[in-house]
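Novice: Using the sequences and the accompanying hints, generate a full structural model.
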Amino acid sequence: MTYDFDAMLQTIKDKQWSLADIEWDAPGAETMTDELRAKMQPFLADLVWIEHVGARGFASLARKAPTPVVREIYEYFHAEEQKHANAELALMKRWGMLDEDGSIPEPNINVKLAIKTLDAFGDSLPLSALATLIPLLECALDGALVKFLLDEVSDPVCHEVFRHINSDEARHITVDFQVLELIGAGPMHRLLVESASNLKPQVVLGLIVVFVPLINKMRDNIVAMGLPEQKLYNAVKRFRTIGGRGEYTHRIPAYHVLKAQAAMVIDRSHPYHRLLADPMVKVTSFVPARILGRPQTWVDEVTHEPVAS
Amino acid sequence: MKILYGDEWRAFDLTGLSVGVLVPPDQAARIVPAVVGSARAVKVFQDSPVWVVPVAVPRVGPVVSLARLHLRMAVRDAWTRRLLTPGRFGSREVVVSPSYYRALEQPHCKLVAWPVYAIVEHGVRTAEGIEHRLDVLITANPLGKAKAA
Ligand SMILES: [Fe+2]
Ligand SMILES: [Fe+2]
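Heads up: the protein sequence lines correspond to chains G and D, in order. For reference, each letter of the first sequence is one residue, going 1 to 309 in this note's numbering. For reference, each letter of the second sequence is one residue, going 310 to 458 in this note's numbering.
Keep in mind the hints are simulated off the structure, nothing from the lab. Glycine included, C-beta positions come from ideal geometry on N, C-alpha and C. There may be inaccurate statements among the hints.
[Stated by the list, open to error] Take a look, some chain G residues computed to stay more than 10 angstroms from chain D by CB distance: (1) 32; (2) 154; (3) 156; (4) 163; (5) 245; (6) 261; (7) 292.
[To be verified] Below 27 angstroms or equal to it, Euclidean Cα-Cα: the simulated BS3-like pairs (lysine-lysine) are: (8) G:13 to G:64; (9) D:419 to G:64; (10) D:311 to G:13; (11) G:13 to D:419; (12) D:419 to G:116; (13) G:39 to G:93; (14) G:282 to G:13; (15) D:419 to G:93; (16) D:419 to G:112.
[Unchecked claim] So the derived list for chain G, only partly shown, Cβ under 8 angstroms to chain D, looks like this: (17) 16; (18) 82; (19) 87; (20) 296.
Specialist: Here's what the structure looks like:
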């Protein structure tokens, strides 16, 4: 338990990059064919929203970080996920995937529900639950989605952008799991009390209603676009492997819950899909977006412009 | 971009300029209301927030409740209020300013809570990957530099 979070914070500060470092008009955009553009546009729109919602997740984590240094790291990660969303939006712009005003495409109803939930409950979720969910999503993003994108797209600017993003993500995943070790090393009663007391039944139910269909819809969308299921499987395996390497992570109840959940999500033949996830995707598709009201203003902050005046 | 240290901004005409304020929160509460009237645009780069009360109160009991109420009433946007709310490792400092939030609420004033990682030729770069272009940056005295007159 001697991980040096101070040194990591310093590395994070040293490795900052900006959209202005990228030459967005450099040659290579022509490698995006019409066929590829049509296929990748919805994928990238989803990706931008995942980064953006992930950013909001780090904002909540920063509020409950176990130490001031971890809090500062999370504040940087909050900003870096936003940077990823901004950079991916700038790629969409480069490839002619945005409409006139250059704004991010509307998210689907499941993303809207997730935004609403994070605004309402994000800051009151137990640390261990949120701190476990984030590395699972990061493993999936990093291991499956980004690899898929880089396999499909040959534009050198895209590869340059993702060299930066991947280097950020490697640090995210390192810290995510080191924080799990820190939490897991705490007293057992605190882990249990924390998970039990904050997780009121209506919150658990809310989380299931929001995240089960969200993850499943994305899973199926992305597999339909051609992502090999093997990549999803590898991503979840990575979560299990890194978590299993830790000395204390296995003491966190949320880790076991999410590990089991992830195993069901990737196995399309598991009854979980037939009995729970598929019906919920269907039910939520009938939810009219207007009943959710206006989301908080952080959703308007994504921009493809490297420079703001 | 012109950089003004310490109190140098007092002697500088900011009319029509785009101004960044990168100072500790007690100074921001003093500087922002003073420059927001003349500047064309103001960006307030906030490291971490502190509680703000509109009037001085004895440092006992309900000062945080008063600060919360003040924030709730003075700032309309829920996300901005969250950015202005100190966290559990936040400073214990309480700043007295009747006009800071009102200044932040001006349409040409923007709170930027992203971490600042570099000051460059034409502006300030923050960790969400954006360069904020400015005409003038007001910042604290650099270490070792005598307080400007
Ligand atoms: Fe990311
Ligand atoms: Fe990340």
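Novice: Give a verdict on every hint.
Specialist: Against the structure, the hints:
1. For residue 32 of chain G, the non-interface assignment is confirmed: its Cβ lies about 22 angstroms from the closest Cβ of chain D, beyond the 10 angstroms cut-off.
2. Distance check on residue 154 of chain G: its Cβ is at least 24 angstroms (rounded) from any Cβ of chain D, clearing the 10 angstroms threshold; non-interface status holds.
3. For residue 156 of chain G, the shortest C-beta to C-beta distance to chain D comes to about 19 angstroms, beyond the 10 angstroms cut-off, and the non-interface label holds.
4. The beta carbon of residue 163 of chain G sits about 14 angstroms from the closest Cβ of chain D, which is more than 10 angstroms, so the claim that it is off the interface holds.
5. Distance check for residue 245 of chain G against chain D: the nearest CB is about 29 angstroms away, which clears 10 angstroms, and the non-interface claim stands.
6. The beta carbon of residue 261 of chain G sits about 29 angstroms from the closest Cβ of chain D, which is more than 10 angstroms, so the claim that it is off the interface holds.
7. Residue 292 of chain G, annotated as away from the interface, keeps every beta carbon of chain D farther than 10 angstroms; the closest lies near 14 angstroms.
8. The suggested pairing of residue 13 of chain G with residue 64 of chain G holds, with an alpha-carbon distance near 21 angstroms, which does not exceed 27 angstroms.
9. Between residue 419 of chain D and residue 64 of chain G the alpha-carbon distance is near 26 angstroms, which keeps this suggested pair within the 27 angstroms criterion.
10. As the CA atoms of residue 311 of chain D and residue 13 of chain G are separated by approximately 24 angstroms, the hinted pair is consistent with the 27 angstroms bound.
11. The suggested pairing of residue 13 of chain G with residue 419 of chain D holds, with an alpha-carbon distance near 24 angstroms, which does not exceed 27 angstroms.
12. Among the hinted pairs, residue 419 of chain D with residue 116 of chain G is consistent with the structure: their alpha-carbon atoms are about 24 angstroms apart, no more than 27 angstroms.
13. About 15 angstroms separates the Cα atoms of residue 39 of chain G and residue 93 of chain G, which keeps this hinted pair within 27 angstroms; it holds.
14. For the given pair, residue 282 of chain G sits about 44 angstroms from residue 13 of chain G by alpha-carbon distance, which is inconsistent with the 27 angstroms threshold.
15. The straight-line distance between the Cα atoms of residue 419 of chain D and residue 93 of chain G is roughly 26 angstroms, inside the 27 angstroms bound, and the hint therefore holds.
16. Taking the CA atoms of residue 419 of chain D and residue 112 of chain G, the gap is about 26 angstroms. The hint holds against a cut of 27 angstroms.
17. Of the supplied interface hints, the one on residue 16 of chain G holds, with its beta-carbon coming within about 4 angstroms of a beta-carbon of chain D, less than 8 angstroms.
18. At a threshold of 8 angstroms, the smallest CB-CB gap from residue 82 of chain G to chain D is about 4 angstroms, leaving the interface hint in force.
19. The criterion of a C-beta within 8 angstroms of any C-beta in chain D is met by residue 87 of chain G, whose closest approach is roughly 6 angstroms, and the hint holds.
20. Nearest Cβ of chain D to the Cβ of residue 296 of chain G: about 4 angstroms, under the 8 angstroms cut. The hint holds.
When held up to the earlier numbered hints, the structure conflicts with hint 14 and nothing else.
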